[in-house]
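**Student:** Listed here are the chains, written in short residue letters.
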Amino acid sequence: MRETYGKLLPGMRLSDLAGKLIVIEGTDGVGRSSQINLLKPWLEELGHAVLDTGMTRSLLAGEGIRRAKEGNNLGRVTQSLFYATDFVDRLENEIVPALRAGFIVLTDRYIYSLMARAIVRGMDAEWIRSIFSVALKPDAVFYLRLGIDQLVPRVVFSRGFDYWESGMDLYPGQDMYDSFCNYQAALIAEFDRLSQEFKFETVDATADARAVFGHLKSKILHLLEADSRSEFLSRLSAKTIESPARNFTELLAAAERTASSNSDLAAAPVSARGSNGNGHAHYFQK
Amino acid sequence: MGIGSGIRIGPFEVFAPIQPAVSTVRQYGEHHFPGQLFVVEGIDGSGKSTQLSLLHKWLESRGYGVVFSEWNSSPLVKDTTKLGKKKKLLTPATFSLIHSTDFADRTERSILPLLKAGAVVLCDRYIYTAFARDVARGMDREWVRDLYAFAVQPTVAFYFRVPLETAIRRLLDARDGFKFYEAGMDLELSDDPEESFRLFQGRIIQEYEKMIPEFRLTMIDATLPIEVQQAAVRQIAQRHLDAAKEVRVQA
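Residue numbers (the working numbering), protein chains in the order written: chain A, 1 to 286; chain B, 1 to 251.
Do not take every clue at face value.
[Stated by the list, open to error] The calculated DSBU-like cross-link candidates involving lysine-lysine, where the alpha carbons are at most 30 Å apart (straight line), are:
| # | chain 1 | residue 1 | chain 2 | residue 2 |
| --- | --- | --- | --- | --- |
| 1 | B | K210 | A | K7 |
| 2 | A | K217 | A | K137 |
| 3 | A | K69 | A | K217 |
| 4 | A | K199 | A | K217 |
| 5 | A | K69 | B | K86 |
| 6 | A | K69 | A | K40 |
| 7 | A | K137 | B | K116 |
| 8 | A | K137 | A | K7 |
| 9 | A | K40 | A | K137 |
| 10 | B | K78 | B | K179 |
| 11 | B | K57 | B | K86 |
| 12 | B | K78 | B | K88 |
| 13 | B | K179 | A | K217 |
| 14 | B | K87 | A | K69 |
| 15 | B | K57 | A | K69 |
| 16 | A | K199 | A | K7 |
| 17 | B | K88 | A | K219 |
| 18 | A | K7 | B | K88 |
| 19 | B | K78 | B | K116 |
| 20 | B | K88 | B | K57 |
| 21 | A | K137 | A | K69 |
| 22 | A | K7 | B | K57 |
| 23 | B | K85 | B | K210 |
| 24 | A | K69 | B | K210 |
| 25 | A | K7 | B | K116 |
| 26 | B | K87 | A | K199 |
| 27 | A | K217 | B | K116 |
| 28 | A | K69 | B | K82 |
| 29 | B | K82 | B | K179 |
| 30 | B | K78 | A | K69 |
Hints listed in this document are in silico derivations from the structure and should not be mistaken for laboratory results.
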């Protein structure tokens with residue numbers, strides 16, 4: 001059965017979360033989104049339903065965070081909590097329902113990025129861990145790692161400096177380059193620490209995108225195979241193996257019974273709202 | 001000890017506060033800033049906002065630099081909260097988190113720097129509101145308390161205690177109906193807003209009652225005449241302001 005990091009949100013059921021939760025982590029510019037763009041079609045081709053999600057994509061807080069970041073007066077505690085709001089909204093309304101429906105959830109960053117950012121900004125490590133104790137433990141965390149020397153040219157020569165990616169809120173008065181180096185180096189150090197604690201699968205991101213993709217594919221295949229193998233074995237060891245034909249006939253008969261007994265209710269409105277188990281509609285099929 | 005304090009302000013006798021407002025149970029960043037932080041707590045309809053605005057006018061008239069901060073009012077965050085409420089996107093967890101985000105912004109941007117600058121800061125609702133509401137919505141008590149660990153501990157937290165029926169009567173006299181989240185309609189306790197409000201606010205009162213000793217809230221009997229309550233509030237505030245002045249003179 002799936003676990004959280006210690007606390008359970010009200011109404012969240014951890015049983016029957018059959019899907020797989022796969023996290024791609026790493027600092028800015030390591031190629032996380034490129035990898036997800038390769039992994040998603042590949043998994044779909046294999047016949048898996050895939051939900052991809054990532055920071056600030058929540059219906060609730062995504063737009064609010066973007067607006068708050070337009071100015072430079074977003075404080076450090078506020079920032080941490082705004083991102084936590086975004087995360088929990090997606091956890092409850094996208095990630096959990098998708099896992100329940102048997103999807104593979106590919107997430108671009110997870111709680112670890114949020115922890116690293118908060119800790120680098122001076123937040124208490126225990127405090128931030130306590131907040132994210134409600135998160136689900138993923139099936140795998142792939143940490144795409146790049147040293148600061150390799151990171152600088154990738155980011156600077158592709159899209160230039162960004163105020164927040166350069167941690168300018170942390171090092172005011174420095175130029176964007178110095179600030180970027182200080183901030184990203186501190187993040188990498190924090191990621192390395194978290195990697196030990198949370199047992200990340202570190203992937204060398206200095207290789208070209210195709211090679212990284214190949215590496216991720218083999219790891220993910222292994223994860224999915226191990227799962228289907230154990231499922232197969234458990235089915236073999238189960239005492240009663242019902243024949244599919246009989247099963248189908250029974251289902252059909254049951255359906256007919258229900259249909260006839262409910263015929264007078266046919267005009268009644270049908271509630272087809274999806275649920276994450278705590279009575280709230282979800283919207284993971286965007 | 002007799003019931004009365006023997007202290008009179010105008011026509012009213014004033015009661016001395018039962019306990020000092022210093023928490024020894026939890027250290028919510030006990031501050032040593034020159035400013036003073038007074039907060040009011042209580043359920044909707046307890047009359048706390050009226051009391052705070054009267055305190056505000058009085059402090060201003062006495063020459064203090066006073067700043068007022070209201071629950072759920074951060075310019076960076078309130079649009080998100082509004083969206084969540086309007087579209088009913090909020091779960092107990094995100095309701096809790098978005099309000100803590102709002103509070104964080106007000107703490108970082110105004111409450112903390114103003115206390116450093118020596119202002120008297122007045123807050124209509126504070127962390128205790130979150131503790132009461134979020135736990136009433138089913139959030140883990142410890143988790144919510146940890147969430148607000150960055151908050152500054154108030155000089156005095158006034159809790160306006162009122163029976164549920166009195167509060168409901170006041171609210172129904174003043175306006176018609178209750179709002180969705182205010183009545184805890186998201187918890188599906190009852191389809192009837194008034195009944196849902198009654199059940200939800202009942203839970204909130206239970207949480208407040210537990211917090212009186214936990215956080216040493218200063219209790220005010222909110223069924224007393226407005227003037228009597230205000231006299232007590234002013235007396236307590238005055239004592240802390242005088243003490244603060246002495247500290248500054250000695251320093």
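**Student:** Indicate, hint by hint, whether the structure satisfies it.
**Tutor:** How the hints compare with the structure:
| no. | hint | verdict |
| --- | --- | --- |
| 1 | B:K210 <-> A:K7 | 22 Å, holds |
| 2 | A:K217 <-> A:K137 | 21 Å, holds |
| 3 | A:K69 <-> A:K217 | 35 Å, violated |
| 4 | A:K199 <-> A:K217 | 19 Å, holds |
| 5 | A:K69 <-> B:K86 | 23 Å, holds |
| 6 | A:K69 <-> A:K40 | 29 Å, holds |
| 7 | A:K137 <-> B:K116 | 41 Å, violated |
| 8 | A:K137 <-> A:K7 | 11 Å, holds |
| 9 | A:K40 <-> A:K137 | 21 Å, holds |
| 10 | B:K78 <-> B:K179 | 17 Å, holds |
| 11 | B:K57 <-> B:K86 | 34 Å, violated |
| 12 | B:K78 <-> B:K88 | 15 Å, holds |
| 13 | B:K179 <-> A:K217 | 50 Å, violated |
| 14 | B:K87 <-> A:K69 | 23 Å, holds |
| 15 | B:K57 <-> A:K69 | 36 Å, violated |
| 16 | A:K199 <-> A:K7 | 20 Å, holds |
| 17 | B:K88 <-> A:K219 | 40 Å, violated |
| 18 | A:K7 <-> B:K88 | 24 Å, holds |
| 19 | B:K78 <-> B:K116 | 25 Å, holds |
| 20 | B:K88 <-> B:K57 | 37 Å, violated |
| 21 | A:K137 <-> A:K69 | 29 Å, holds |
| 22 | A:K7 <-> B:K57 | 44 Å, violated |
| 23 | B:K85 <-> B:K210 | 28 Å, holds |
| 24 | A:K69 <-> B:K210 | 39 Å, violated |
| 25 | A:K7 <-> B:K116 | 36 Å, violated |
| 26 | B:K87 <-> A:K199 | 39 Å, violated |
| 27 | A:K217 <-> B:K116 | 55 Å, violated |
| 28 | A:K69 <-> B:K82 | 19 Å, holds |
| 29 | B:K82 <-> B:K179 | 12 Å, holds |
| 30 | B:K78 <-> A:K69 | 15 Å, holds |
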